[in-house]
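Engineer: Sequence:
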Amino acid sequence: MNKNESTAWRIIKGILIILAGLILLVGINWIGKVTSPDTPQTNKNITMLFSSVGTILILYAIGRFLLPSGFVSMNLPDKYGIKHYLQGLAFGSGMILTYLILALVLGGLSYQGLGKMTVLNIILYFLGFILQGFKEELLVRGLIQGLIARKSRLLSIILPSILFGLLHLGNDNFSYLAMINTALIGLIFAFVTDLTGSLWLASAAHSIWNFLLGPFFGLYVSGIPMPESVFAFSPVAGKEVLSGGLYGPEAALLLTIILILFLLPLVRAYILKYKKQEVEQDLALPPSDELN
58 MNKNESTAWR
68 IIKGILIILA
78 GLILLVGINW
88 IGKVTSPDTP
98 QTNKNITMLF
108 SSVGTILILY
118 AIGRFLLPSG
128 FVSMNLPDKY
138 GIKHYLQGLA
148 FGSGMILTYL
158 ILALVLGGLS
168 YQGLGKMTVL
178 NIILYFLGFI
188 LQGFKEELLV
198 RGLIQGLIAR
208 KSRLLSIILP
218 SILFGLLHLG
228 NDNFSYLAMI
238 NTALIGLIFA
248 FVTDLTGSLW
258 LASAAHSIWN
268 FLLGPFFGLY
278 VSGIPMPESV
288 FAFSPVAGKE
298 VLSGGLYGPE
308 AALLLTIILI
318 LFLLPLVRAY
328 ILKYKKQEVE
338 QDLALPPSDE
348 LN
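Counted the way this note's numbering counts, the sequence shown spans residues 58 to 349.
Please note: incorrect hints may appear among the correct ones.
As the list claims (entries may be wrong) - Derived Cβ-Cβ restraints for the label pairs, each shown as a range: (1) Gly-164 <-> Ile-72: 16 to 26 Å; (2) Leu-163 <-> Trp-66: 16 to 26 Å; (3) Leu-154 <-> Ile-69: 30 to 40 Å; (4) Pro-322 <-> Ile-69: 44 to 54 Å; (5) Thr-313 <-> Ile-68: 41 to 51 Å.
Claimed, not checked - Below are the BS3-like pairs computed for lysine-lysine, each with C-alpha atoms no more than 27 Å apart in a straight line: (6) Lys-173 <-> Lys-296; (7) Lys-332 <-> Lys-208; (8) Lys-101 <-> Lys-90; (9) Lys-296 <-> Lys-136; (10) Lys-208 <-> Lys-90; (11) Lys-173 <-> Lys-101; (12) Lys-330 <-> Lys-140; (13) Lys-140 <-> Lys-333; (14) Lys-208 <-> Lys-333; (15) Lys-330 <-> Lys-136; (16) Lys-136 <-> Lys-333; (17) Lys-90 <-> Lys-173; (18) Lys-136 <-> Lys-90; (19) Lys-136 <-> Lys-70.
No lab work stands behind these hints, which were simulated from the structure alone.
Where a beta carbon is used, it is the ideal one built from N, C-alpha and C, also for glycine.
Could you put together the complete structure from these sequences and hints?
Structural biologist: So this is what it looks like as structure tokens:
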């Protein structure tokens, strides 16, 4: 009886949180449209980013309260969460800066000077991308990867990464290379999540990736243009293999090479981690004659 009551109460809490999430999701977008129908694109972008808080609540409610198979941690509990988040900011920044420097040196991008963006909008974009990055990581590396890991750890790395690439199919100027690169980014975030047992490093890397790419450097973010930015960089015509053209760096062959170089040490660390665990498990077993 107590078990049934606790299950019922868990479902009620989940539904209430989902309703709150839907209200925030719809409400924030509605306020953005109603207050100023002719609002600048920057304001629309920021409104869309902040509406992520509603989706976050919905995803949390599903993973925490409503799954028939039971609660999934979504890789959220982490006593080193702050440390991992700061590491994620550094890691994501390193990937973007590596690409930017090489693209400039090789002639794929050109520097147009300082952009035009108010300090307030910079702060709002940063906070908005923190929410947006966390939302996508909570879905893909938190909920989906966490559920698949119950059956297969390896598939929990591969399948969500493929899904992550497919989620961008509807974006403007999407290409097969963009899908491959997005899946590679997904693999990097998946390995990082598995190795740390935490969502926070991948979430921070994802957020800073999008923030630096768009509002800071003025490049396309998965086909989405930035009307204003802190700095202004633009793709050089005929050098799409380096710049990704109108989709942005995520459709560039140069980024493919960079991502593979960042991915290889993570794959090695993953293999070593689980080989070590297998050896430790074997050592923990008693000799075969003791089993008989």
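Engineer: Now, for every hint given, state plainly whether the structure supports it.
Structural biologist: We went through each hint and held it up to the structure:
A hinted range of 16 to 26 Å for the beta carbons of Gly-164 and Ile-72 is inconsistent with their spacing of about 55 Å. Between Leu-163 and Trp-66 the CB atoms are about 59 Å apart, so this pair departs from the stated range of 16 to 26 Å. The given range of 30 to 40 Å is broken by Leu-154 and Ile-69, whose C-beta atoms sit roughly 48 Å from each other. For Pro-322 and Ile-69, the Cβ-Cβ distance of about 46 Å falls inside the hinted range of 44 to 54 Å, so the restraint holds.
At roughly 45 Å, the beta carbons of Thr-313 and Ile-68 sit within the given window of 41 to 51 Å. Of the supplied pair hints, the one linking Lys-173 and Lys-296 holds, its CA atoms being roughly 26 Å apart against a limit of 27 Å. A hinted pair counts as satisfied when its Cα atoms are at most 27 Å apart, and Lys-332 with Lys-208 qualifies at roughly 19 Å. About 8 Å separates the Cα atoms of Lys-101 and Lys-90, which keeps this hinted pair within 27 Å; it holds.
With a C-alpha separation of about 45 Å, the suggested pairing of Lys-296 with Lys-136 is violated against the 27 Å cut-off. Restraint check for Lys-208 and Lys-90: the C-alpha separation of about 44 Å exceeds 27 Å, so the hint is violated. This hinted pair checks out: Lys-173 and Lys-101 have alpha carbons roughly 17 Å apart, not beyond 27 Å. For a cut-off of 27 Å, the pair hint linking Lys-330 to Lys-140 stands: about 21 Å separates their Cα positions.
Of the supplied pair hints, the one linking Lys-140 and Lys-333 holds, its CA atoms being roughly 25 Å apart against a limit of 27 Å. Our distance criterion of 27 Å between C-alpha atoms is met by Lys-208 and Lys-333, whose separation comes to about 21 Å. At most 27 Å may separate the alpha-carbon atoms for a hinted pair to count; Lys-330 and Lys-136 meet this at roughly 20 Å. Note on Lys-136 and Lys-333: the hinted pairing holds, with a Cα-Cα distance of about 23 Å set against a maximum of 27 Å.
With a C-alpha separation of about 24 Å, the suggested pairing of Lys-90 with Lys-173 holds against the 27 Å cut-off. At roughly 40 Å between alpha-carbon atoms, Lys-136 and Lys-90 are farther apart than 27 Å, so this suggested pair is violated. Distance restraint check for Lys-136 and Lys-70: the Cα-Cα separation of roughly 26 Å lies within the 27 Å cut-off, and the hinted pair is therefore satisfied.
Of the numbered hints stated above, those contradicted by the structure are hints 1, 2, 3, 9, 10, 18, listed in ascending order.
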